[in-house]
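Listed here are the chains, written in short residue letters.
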Amino acid sequence: MEFTLLAAAAIAGAAAYAMLWWEAKHGNAARCTGNLWEAGVVSAVAGIFIGRIVAMLIDGVNPIAHPMDVILVRSGVSTVGASLGAVAVFAWLARKEPVTMADGISAAALAGLAGWHAGCLVRGACLGTASDLPWAIAQAGSDVTRHPVGFYATLILGAAAIGLAWWKAYRRPPAGAPAALAVIAAAGTRLVVEPLQPSISGGPVWFYATGLAVGIAALVWSVVRR
Amino acid sequence: MIGLRGTLSVVFRIVVTTLLIALASTACSSGEPVEGVDPPTPVTGLEVQNLLAASPEPIVLNVWASWCTPCRSEAPLIGRAASEFGDEVAFVGLDVRDTPEGATAFIGEFFPDAPILHLADSSGQIPSELGGSRGVPLTFFYRVGGELSYLHFGVIDERTLALQIDELVNG
Chain A
1 MEFTLLAAAA IAGAAAYAML WWEAKHGNAA RCTGNLWEAG VVSAVAGIFI
51 GRIVAMLIDG VNPIAHPMDV ILVRSGVSTV GASLGAVAVF AWLARKEPVT
101 MADGISAAAL AGLAGWHAGC LVRGACLGTA SDLPWAIAQA GSDVTRHPVG
151 FYATLILGAA AIGLAWWKAY RRPPAGAPAA LAVIAAAGTR LVVEPLQPSI
201 SGGPVWFYAT GLAVGIAALV WSVVRR
Chain B
1001 MIGLRGTLSV VFRIVVTTLL IALASTACSS GEPVEGVDPP TPVTGLEVQN
1051 LLAASPEPIV LNVWASWCTP CRSEAPLIGR AASEFGDEVA FVGLDVRDTP
1101 EGATAFIGEF FPDAPILHLA DSSGQIPSEL GGSRGVPLTF FYRVGGELSY
1151 LHFGVIDERT LALQIDELVN G
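The listed protein sequences correspond, in order, to chains A and B.
Under this note's numbering, residues 1 to 226 are what the first sequence spells out, in order.
Under this note's numbering, residues 1001 to 1171 are what the second sequence spells out, in order.
If you are wondering where the hints come from, they were derived from the structure by calculation, not from laboratory data.
Errors might be hidden in some of the hints.
To be verified - Here are some, though not all, of the chain A residues that point toward chain B, as calculated from beta-carbon distances under 10 Å: (1) G76; (2) V80; (3) A159.
Unchecked claim - Computed Cβ-Cβ distance ranges for the label pairs, DEER-style: (4) B:S1123 with A:N35: 52 to 58 Å; (5) B:G1086 with A:R226: 40 to 46 Å; (6) A:A209 with B:T1041: 25 to 31 Å.
Glycine residues also receive a C-beta, built at the ideal position from the N, C-alpha and C atoms.
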């Protein structure tokens, strides 16, 4: 069962790699000296483990006393810890050219997130709250039809990734604007789908709202600065 | 370049050192009885089946053991779910192939106040009789009347747990 998470991660990685490959053919981050793929993978993996450690601390489990629990990411990863951890690690890895590298990886990051949500098919985690909409789906053995919330997230993030890649390839966006748009898309998507997902203690809606506000502020700043 | 190889080397060494220290520090730890926490009640397979059939509420039956690392990992989530949905769904913990000392330490650490009925199966056969396996953890979801709604093998994640509880409550 644990391999379903790895499968979802592999789909996410493949989607991000495919986007970077397509963008490289269209001059993405041509002046960028750092390796976007390596920096992205290291940031994502570090973010997951930082998020797992934060989740353990929130649950009152000491990660030093129980180190093996850290690898059991299915038990819970703090979205806030993982997101901030990944951004912090990426910022450090890209410290010599942060804006160029952030812009360079923006569309690939969204594609990776779309791939991760598409991985709900192998994780069996596509369904959300009950719904009577025509496209609502029931799980096997149940009469309750539900929002296919994993597909919603995949479609929104996938469309955003493709749109952003097209914008970078065929227009000249201001420096920092693609990264800001990626933050807006990622946070906005979670803000939209979170109310449609059953949860035990509720998702960090405040964090998604803050991310959306920060993304909009960064976008305005990048446009004004230009 | 950003010196990624050097960075990874340093991170790798830090992680390995931390894990070695942590493993050494936990080598001598053991479950100890906890005051104020009762050990799980020993039950037979028939008693568990009667409980499932007679319950006026749907039941989430979580199978765990104090020696099981993945069980430790999912226990905080189970405890939170019991505290959140305990009014609508009954939570039962089935401790298998365990010692009373280990079980009480586990309950005291993870479920001190959670509304969970703790049962013990020293033989470890009951989960198999219910349609599961001898592996832990396992989580069974039963509708009112004892009909199995869903069975999850291995560590359960928050989305799956929340979805299956929602199925029990609204299904």
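Hint check:
no.: 1; hint: G76; verdict: 6 Å, holds
no.: 2; hint: V80; verdict: 14 Å, violated
no.: 3; hint: A159; verdict: 23 Å, violated
no.: 4; hint: B:S1123 with A:N35: 52 to 58 Å; verdict: 55 Å, holds
no.: 5; hint: B:G1086 with A:R226: 40 to 46 Å; verdict: 55 Å, violated
no.: 6; hint: A:A209 with B:T1041: 25 to 31 Å; verdict: 46 Å, violated
Figure legend: structure checked against the earlier numbered hints; hints not met, in rising order: 2, 3, 5 and 6.
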